[in-house]
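Could you put together the complete structure from these sequences and hints?
Going down the list, the protein sequences come from chains A and B.
The numbering of the first sequence is the working numbering, which starts it at 1 and goes up by one.
The numbering of the second sequence is the working numbering, which starts it at 1 and goes up by one.
No wet-lab data here; the hints were simulated from the structure.
Wrong hints could be hidden among the right ones.
[Claimed, not checked] Which residues of chain B face chain A? A partial, calculated answer using Cβ under 10 angstroms:
1) Trp181
2) Gly182
3) His216
4) Phe289
5) Tyr350
C-beta: ideal position from N, C-alpha, C; glycine also.
The residues making up each chain are set out below.
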Amino acid sequence: MTKHPNYTEAFEELQQIVSEIEGGDISVDQLSDKVKRAALLIKICKDKLSATEGDVNQILKELESSELKNEQ
Amino acid sequence: MPEKINDLTIFSLSEVTRSIQNTLSERYPTAFLVKAEMNKLNYYPQSGHCYPDLVEKADNKIIAEIRSTIWKDDYQRINDNFLKVLHEPLTNGINILFSAKISFHPVYGLSLRILDIDPSFSLGELEKEKQETIRKIKAEGIYQSNKALKLALLPKRIAIISALTSKGYSDFLNVIEGNTWGYHFFHMLFPAHLQGENAVESIITQLMRIRNVQHHFDAVAIIRGGGGDVGLTCYNNYVLSKEIALFPIPVLTGIGHSTNETVTEMVAYKNAITPTELADWLIQQFHNFAVPVQKAQESIIEKCSLLIRDDKLRVLNTVRFFRSVTLSRLIKNKNGIENQLRSLLQQSAYFIQRKREREINQGIFLLENGFKRLLLSWRQHIESTKTDIFHKTMNFINDKNKTLDHIEKNIDLMNPVNVLNRGYSITMMNGRVLKTVEDATEGDLLKTILPDGNIISITSSIIKTELS
Chain A
1 MTKHPNYTEA FEELQQIVSE IEGGDISVDQ LSDKVKRAAL LIKICKDKLS ATEGDVNQIL
61 KELESSELKN EQ
Chain B
1 MPEKINDLTI FSLSEVTRSI QNTLSERYPT AFLVKAEMNK LNYYPQSGHC YPDLVEKADN
61 KIIAEIRSTI WKDDYQRIND NFLKVLHEPL TNGINILFSA KISFHPVYGL SLRILDIDPS
121 FSLGELEKEK QETIRKIKAE GIYQSNKALK LALLPKRIAI ISALTSKGYS DFLNVIEGNT
181 WGYHFFHMLF PAHLQGENAV ESIITQLMRI RNVQHHFDAV AIIRGGGGDV GLTCYNNYVL
241 SKEIALFPIP VLTGIGHSTN ETVTEMVAYK NAITPTELAD WLIQQFHNFA VPVQKAQESI
301 IEKCSLLIRD DKLRVLNTVR FFRSVTLSRL IKNKNGIENQ LRSLLQQSAY FIQRKREREI
361 NQGIFLLENG FKRLLLSWRQ HIESTKTDIF HKTMNFINDK NKTLDHIEKN IDLMNPVNVL
421 NRGYSITMMN GRVLKTVEDA TEGDLLKTIL PDGNIISITS SIIKTELS
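See the structure below:
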């Protein structure tokens with residue numbers, strides 16, 4: 001269990017926690033930790049949905065440099 | 001008429017061309033069917049006429065070539081038929097079966113005049129080409145390559161190959177940008193021609209560029225729209241299809257048509273019929289992620305409160321049970337103690353009573369015995385004392401008798417008469433017994449008593465006895 005999983009790992013771990021909780025395999029003692037973990041995972045997943053990613057300028061810069069290389 | 005100069009017949013150029021023209025029209029009076037590759041259409045929009053280059057190739061080498069003409073009216077009819085049957089206009093680089101006449105023009109020379117082109121032949125040829133592309137791709141084992149890639153759980157970063165002015169492009173953007181769930185996509189346009197003769201090269205060029213920056217993207221979307229079913233032949237191109245099959249990230253297609261799938265679409269990771277449908281599919285990928293997350297959240301909340309409620313209930317029941325058990329046990333014990341106390345009181349009272357009785361009896365018994373014994377001992381004591389007293393008294397009397405006898409004897413002995421009889425005498429002076437020489441002085445008158453009379457004498461001298 002990594003501290004800050006990426007969203008794909010978070011999604012998988014979340015599914016696992018849900019099935020554990022739904023399966024009733026969890027004691028009330030463990031519940032608090034699991035719920036805290038699940039809250040973190042849900043936040044990671046939800047943040048990913050609306051996150052802004054990608055940098056057009058960076059991509060253009062890389063494209064230019066690779067095209068320059070090809071011309072040489 | 002030819003000129004005759006020195007027996008030589010000399011033709012003018014027009015006579016020659018006219019002769020060729022006549023010969024050819026006599027030799028080829030009717031139209032005939034020809035199969036050829038139309039290398040270039042050479043359509044002139046202003047006149048509406050076409051001057052196609054026709055070639056025949058063997059082993060990729062041209063072994064025959066001839067110019068041809070399609071007059072405006074023929075061209076329009078032929079092109080309409082093509083669009084109807086092939087969903088493609090008459091274009092460069094297709095194999096055609098046509099009816100033609102040989103035409104010779106004195107100025108423009110030899111050419112074939114194309115009267116009609118059979119679209120179903122070209123369709124068959126195109127279909128053959130498509131099947132050939134599929135066969136080659138499958139033979140190379142790359143047909144499933146792009147499909148086998150793993151698409152990101154959230155395909156957010158999309159490289160779009162489309163035309164800025166394409167209706168499909170704007171449809172696509174409207175859906176992914178206008179989604180009401182707050183899903184955020186990143187997209188970047190790589191402009192290309194999406195149909196016609198330049199499409200293959202143009203799309204491949206952009207794919208190459210995307211390859212160089214592929215780490216910025218989750219997928220490539222090839223988007224075309226508004227073109228109807230026309231101009232899709234390029235998507236059956238072997239080079240393009242192979243490039244897509246082997247592309248390192250998933251390629252999504254939404255090229256908007258209703259006819260059979262092109263090879264490009266077959267090998268792509270995902271094919272949607274229209275750009276809008278492709279955008280919806282992407283949104284669906286987000287739903288597929290977001291809905292389980294939302295459900296997980298709800299499920300966890302629900303299950304946890306259930307679990308906690310159950311546990312609380314269990315604790316409460318246990319407490320209740322514990323209380324009732326302890327209470328009943330307490331009451332039972334209390335009753336037991338009370339009973340025991342009562343019985344203890346009774347028993348001890350009885351015991352005390354019995355004990356007291358016994359002790360009294362014993363006391364009485366002891367007392368009686370004691371008294372008896374005491375009395376007896378006293379009696380014995382008295383008896384012994386009596387005897388003792390008797391004996392002692394007797395002894396005393398005897399002793400005293402003896403003493404008296406002794407005293408009597410002593411008294412006898414002490415009797416001055418007896419003493420005097422034994423030779424002793426008593427000297428008296430002045431009526432008193434003289435006990436020491438110190439009291440007498442010379443010349444004193446002394447009386448000496450003897451048993452049978454007295455002697456009166458005068459002291460002549462005093463001699464003191466020296467004590468040794």
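Status of each hint after checking the structure:
With its C-beta approaching chain A no nearer than about 8 angstroms, B:Trp181 sits inside the 10 angstroms limit, and its interface hint holds. A least Cβ separation of about 5 angstroms between B:Gly182 and chain A falls short of the 10 angstroms threshold, and the interface hint therefore holds. Hint status for B:His216: holds, given a least beta-carbon distance of 5 angstroms to chain A, under 10 angstroms. A cut of 10 angstroms between beta carbons decides the hint on B:Phe289: the least distance to chain A is about 7 angstroms, and the hint holds.
The beta carbon of B:Tyr350 is not positioned within 10 angstroms of any beta carbon in chain A (closest approach about 59 angstroms), and the interface hint is therefore violated.
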